[in-house]
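S.K.: Single-letter residue listing:
Number of protein chains: 2
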Amino acid sequence: MGALRLPSLSLLRPTFSPLRRLPPLSVGRAATHSLAKEAEAATAGDGKASVSSSQQENSVTPRSVDFSAWYLDVIANAELADYGPVRGTMVIRPYGYAIWEAIQDYLNVKFKETGHSNMYFPQFIPYSFIEKEASHVEGFSPELAVVTIGGGKELEEKLVVRPTSETIVNHMFTQWIHSYRDLPLMVNQWANVTRWEMRTKPFVRTLEFLWQEGHTAHATFDEAEKEALQMINVYKDFAYEQAAIPVITGRKSKVETFAGAACTYTIEAMMGDKRALQAGTSHNLGQNFSRAFGTQFMDENGHRQHVWQTSWAISTRFVGGIIMTHGDDTGLMLPPRIAPIQVVIVPIWKKSDERTSILEAVATVHNILKEAGIRVKVDDSEQRTPGWKYNFWEMKGVPLRIEIGPRDVTNKSVVVSRRDVPGKPGKEFGVSMEASTLVNHVKLRLEEIQAALLQRAISFRDSNIVDVNSYGELKEAIAEGKWARGPWSASDTEELKVKEETSATIRCFPFEQPEGEKKCFMTGKPAEEVAIFAKSY
Amino acid sequence: MGALRLPSLSLLRPTFSPLRRLPPLSVGRAATHSLAKEAEAATAGDGKASVSSSQQENSVTPRSVDFSAWYLDVIANAELADYGPVRGTMVIRPYGYAIWEAIQDYLNVKFKETGHSNMYFPQFIPYSFIEKEASHVEGFSPELAVVTIGGGKELEEKLVVRPTSETIVNHMFTQWIHSYRDLPLMVNQWANVTRWEMRTKPFVRTLEFLWQEGHTAHATFDEAEKEALQMINVYKDFAYEQAAIPVITGRKSKVETFAGAACTYTIEAMMGDKRALQAGTSHNLGQNFSRAFGTQFMDENGHRQHVWQTSWAISTRFVGGIIMTHGDDTGLMLPPRIAPIQVVIVPIWKKSDERTSILEAVATVHNILKEAGIRVKVDDSEQRTPGWKYNFWEMKGVPLRIEIGPRDVTNKSVVVSRRDVPGKPGKEFGVSMEASTLVNHVKLRLEEIQAALLQRAISFRDSNIVDVNSYGELKEAIAEGKWARGPWSASDTEELKVKEETSATIRCFPFEQPEGEKKCFMTGKPAEEVAIFAKSY
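As they're listed, the protein sequences go chains V and Y.
For the record, in the first sequence the residue sitting at position 310 is 310 according to the working numbering, with numbers rising by one throughout.
For the record, in the second sequence the residue sitting at position 10 is 10 according to the working numbering, with numbers rising by one throughout.
Simulated from the structure, these hints should not be mistaken for lab results.
Do not rely on the hints blindly, as some may be mistaken.
Sample of chain Y residues lacking proximity to chain V, with all beta carbon distances greater than 12 Å (derived) [said to hold, decoys possible]:
hint : residue
1    : A69
2    : A81
3    : Y120
4    : E154
5    : A191
6    : Q287
7    : K350
8    : E403
9    : V416
10   : V439
11   : D462
To give an idea of the interface, some chain V residues facing chain Y are shown, with a C-beta separation under 10 Å as derived from the structure [unchecked claim]:
hint : residue
12   : E101
13   : I149
14   : K158
15   : E208
16   : T220
17   : F221
18   : G373
19   : V466
It should be emphasised that the depicted structure is a prediction, and the values quoted were computed from it without experimental measurement.
Glycine is no exception: its CB is placed at the ideal position from the N, C-alpha and C atoms.
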């Protein structure tokens, strides 16, 4: 089974690889089995846990050495995803999918609370639809996957596999909307989408990905604007409160606006390598699609008007954002609120006569935490040492570990270790096993970790944004890998010039703006806003 | 707006229509808006409810006159789905999707309880994969949608849009499974699938549909068999307990077995027109795919063996099954446990001075029921009469209606009406508004309705299955539209002859078998089992 000891996965980076079929990202032989078990967070270990022979030997590439290699190593070792057989596609493995489910669970509730209903639109879109909105077809046509054969026959009209659904949504909205009484119409779908990307990277940019796309229609511009802003704020709140990612919220430049939108709002996250990740967008579509598709309503005065629309989306890319925000050289680090497993319990015994009493204590603690609604897993496999298990669950980013050994059983206590604080400082000995004490302790620690991850990310972000007042300063900041923030009122051409010369783009005009008069750092002319420039994924 | 008064939708039946683009199934102009609101079951009415001008005029075709027309009318009038722009595709509207979500919510929990983890496989499958398993390619190749263009270029290898995922699953399993310790491997995905069907019908058979597909790998045949049976029983329990559909569980004949399976188990439901609907299947795949894809493991003795596998699926077709099992001439009728709205509250006032006190009482009752976890909706729109609302919510199959008028407010009571018992017998006057009394009353009634729907469906099913002892008797039963049950041990050829001559197929060899010796009704030879024959969807 020596063949299983794979070379460092950094060699297999798909982003720059022309290979059609890549070797698997998966590491070790028993990875999947253990995962299939893990995602049922509340199930006790079954004594057959992971026996991944190469797991431990394949430590990840240090983040500081090669961030991209580190990222792929973590995805492989933490068993988040694997390559699909078709270039650029990704298999989302159970542990990675469980993170996506945590994202879904939170957002789905928020979407419903804010008045949206889930529904489902077909993924095949007549090619002619895509062509109806001019900038939309320009933006998407290079990325389309096209079905030309169905049921063994060449199709009369080619079908596009949805890259996004505005066109088919408007086709249906046009049939459903007649009067102002039909508005607002507010729907969402959880779906897969396909964009024929040439440079792919698991989670961040894949040929097919999962997302939700909200689509709404309103009677006025103001209502649509309010909705677009409401939804970018739902995303922002999710990022901060659940994922502990301190995104910067703002408006895209015209150049960076979604193909077909009047205005795009975005949440931009700073990854561990300081690149920006566009982590969610909300578009005020204006009347662009309603004009293209004739989506009209009769207003209260009997006049026919085109509806005002929004669309907004967040995707499995966000999982990549979580990995690249919090992960370290030890592996993944998950914020407790979205961690599929919040606490892993590792029993420790040497002599077989200790085994029974320790496993009893483990079962008790497991039940106490489970009853309290904590997502807890026991790793009582006998094929691995406690040390191996520590590394394994640290790699998987589980926020808290509870260790129970012979002395703990005697003292009716446990040892609690934090994933985010390495070594001794992160360990607490003698935490009482008494139910309410233990539950309170664990809940408090989980909240502390949640807050600590956010605080750490905020500090990192803020120490890597540089205020610039000249193009020279911007170049310098970007060359250092940082984000540059400065007043901007220059032209699209100049924006593209910055991109060409520095690889940085305007990530957004942030909603939070400094007070006072501003002069564009490029032209010296008055500027109303600062923009943030950065290299991005 | 006279154009909105559509002709009967029976004229638009897609099943036999060569039309590429069909007129919308949707009825009336304000339908969608009201739906977008409804699916958030706990939200109070916003005074802008449905003003669908044609809703009431478009009563449905009586079920007894034309079942298929009735079915389409109900889907349109209850706002469950609409046609997509591509032939054979369907838009699942919020109210229909909410039923699918109820199915998902229940099954997702059961899948996890039985040890399965969710994950996601890409939908694009290299064409060569499909060809690896001989009977699989034979079964699916006529139904494939094929992507030949990606990113503006002709692809080297054509990609199949998944019709089912066994091939890509095995491709990945082969990389993940090495030792007996990796088994069992038990995963599931919620996904869309595409089958190029020529005769489509909303929910029942569409070009694209939503489903879940479970995939498992085991070390032994027995384990796989146990798993396949476990999952068909999960489906059966769901059908009985949640959907109130008394399915018959059994084994498919060889002719009807899934393309690539060793054995297929099925739940077969009798629709209101007595046709059978295959409502869920679970396959013991044997080693067919593991041999085709080389999915092997090292057993405890160091021998390499092919894994034993299962797959199992339930789809949006099940929503069609719910409609066709319980619906009546008044419209949809939903079992309370899966109804997106369990109780609708309709205020009744004539004089404006009654309005305030009635709306106060409505709000109180709404809160009481909502707090108790009942999915309740208030319809306080002022554009419609109470009578119109009664019809509207009956069409949508809401199990219970609560009416609150001036006299009720005085008496601190409400009127409760059952959807499943028409007219006076289904109405109870003077039900106390006192919180615990009301909650208990409503919960009891909902459980009664749940049980009554199941009981009615059982009676209907049992009175329409005929035991036959000759081919003549079978022909007679089938000609009457009934199901025929009789001993069968004849050949595949004879099975196909029955199909050709009567249009009936073997739905299953039911698990519940009569005792005693049996002789095949076709050949007179000894038979081990009875089979059930029926015409099916």
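S.K.: Of the hints given before, which are not true for this structure?
M.R.: 2, 3, 4, 5, 16, 17, 18 and 19
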